[in-house]
Amino acid sequence: MIKSITPKTILQSILIIILSIWIIMPLPAIATVTQIEEAPGQMVYQSRQKFQDLTGNYWSAIAFKRTTPENITTISLRIIAFPDIANLDHNQPLTLTTSLGKTLKAENITNNISQKTPPANVSEYNLKPILPQLRAEIPLQLTISTTNGDTINLSIPPAVIREWQSL
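Throughout, our numbering is defined as the position within the sequence shown, counted from one, plus 344.
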């Protein structure tokens, strides 16, 4: 027995196709950029992300742009290890390596950001000269130096790079 094609079966087929495509295709990343007024005329825009290293430890990365009333703009990346995971070397730059092999270095500015000694599990880097050199469609690996000579690698997907550049 052959069934006839009705508008109802056509609609059901279309819905099945749409749902299949929706399930298979990844959803676009939702931007998590926040805006804070720190002081009159001083704005901070932040992008907060969480990454996992190869050993399963989680790291926070906060990219932020600060604009002062004098129109001075800084763009920084703060990397935070959960306590007791690693002591970060505040004298070493952050190495950024694209999946195409291009390597860039971001200056470590941790010792410039606070009048007191920064925690050992936090480092901050100057991203301002680096961001224009990144291509958002190319994945990136961050290499972070620790005080015991080890390095930590974090994979950064293109959507996060785009978000950082949108600051």
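Hints are computed from structural coordinates only; laboratory data are not their basis. Please note: incorrect hints may appear among the correct ones.
Below, in silico cross-link-like pairs of lysine-lysine (PhoX-like), each with a Cα-Cα straight-line distance of 25 Å or less [as the list claims (entries may be wrong)]:
#1 K394 / K472
#2 K472 / K449
#3 K394 / K446
#4 K460 / K472
#5 K394 / K449
#6 K472 / K446
Ranges between beta-carbon positions, derived for each pair [claimed, not checked]:
#7 I349 / Y402: 48 to 56 Å
#8 N455 / T412: 50 to 58 Å
#9 I416 / Q509: 30 to 38 Å
Glycine included, each C-beta is placed from N, C-alpha and C at the ideal position.
Each hint tested on the structure:
Restraint check: the Cα-Cα separation between K394 and K472 comes to about 21 Å, which is no more than 25 Å; the hinted pair holds. Straight-line distance between C-alpha atoms of K472 and K449 comes to about 11 Å, which keeps the hinted pair within the 25 Å bound. Of the supplied pair hints, the one linking K394 and K446 holds, its CA atoms being roughly 24 Å apart against a limit of 25 Å. With a CA separation close to 24 Å, the supplied pair K460 and K472 stays within the 25 Å bound.
Distance restraint check for K394 and K449: the Cα-Cα separation of roughly 21 Å lies within the 25 Å cut-off, and the hinted pair is therefore satisfied. For the proposed pair K472 and K446, the alpha carbon gap of about 17 Å is at most 25 Å, so the pair holds. I349 and Y402 have their C-beta atoms about 52 Å apart, which keeps the hinted 48 to 56 Å range intact. Distance hint check for N455 and T412: the Cβ-Cβ separation is about 20 Å, which falls outside the suggested range of 50 to 58 Å.
In this structure the supplied range 30 to 38 Å is violated for I416 paired with Q509, their Cβ-Cβ distance being about 20 Å.
Checked against the numbered hints given earlier, the structure breaks hints 8 and 9 and satisfies all the rest.
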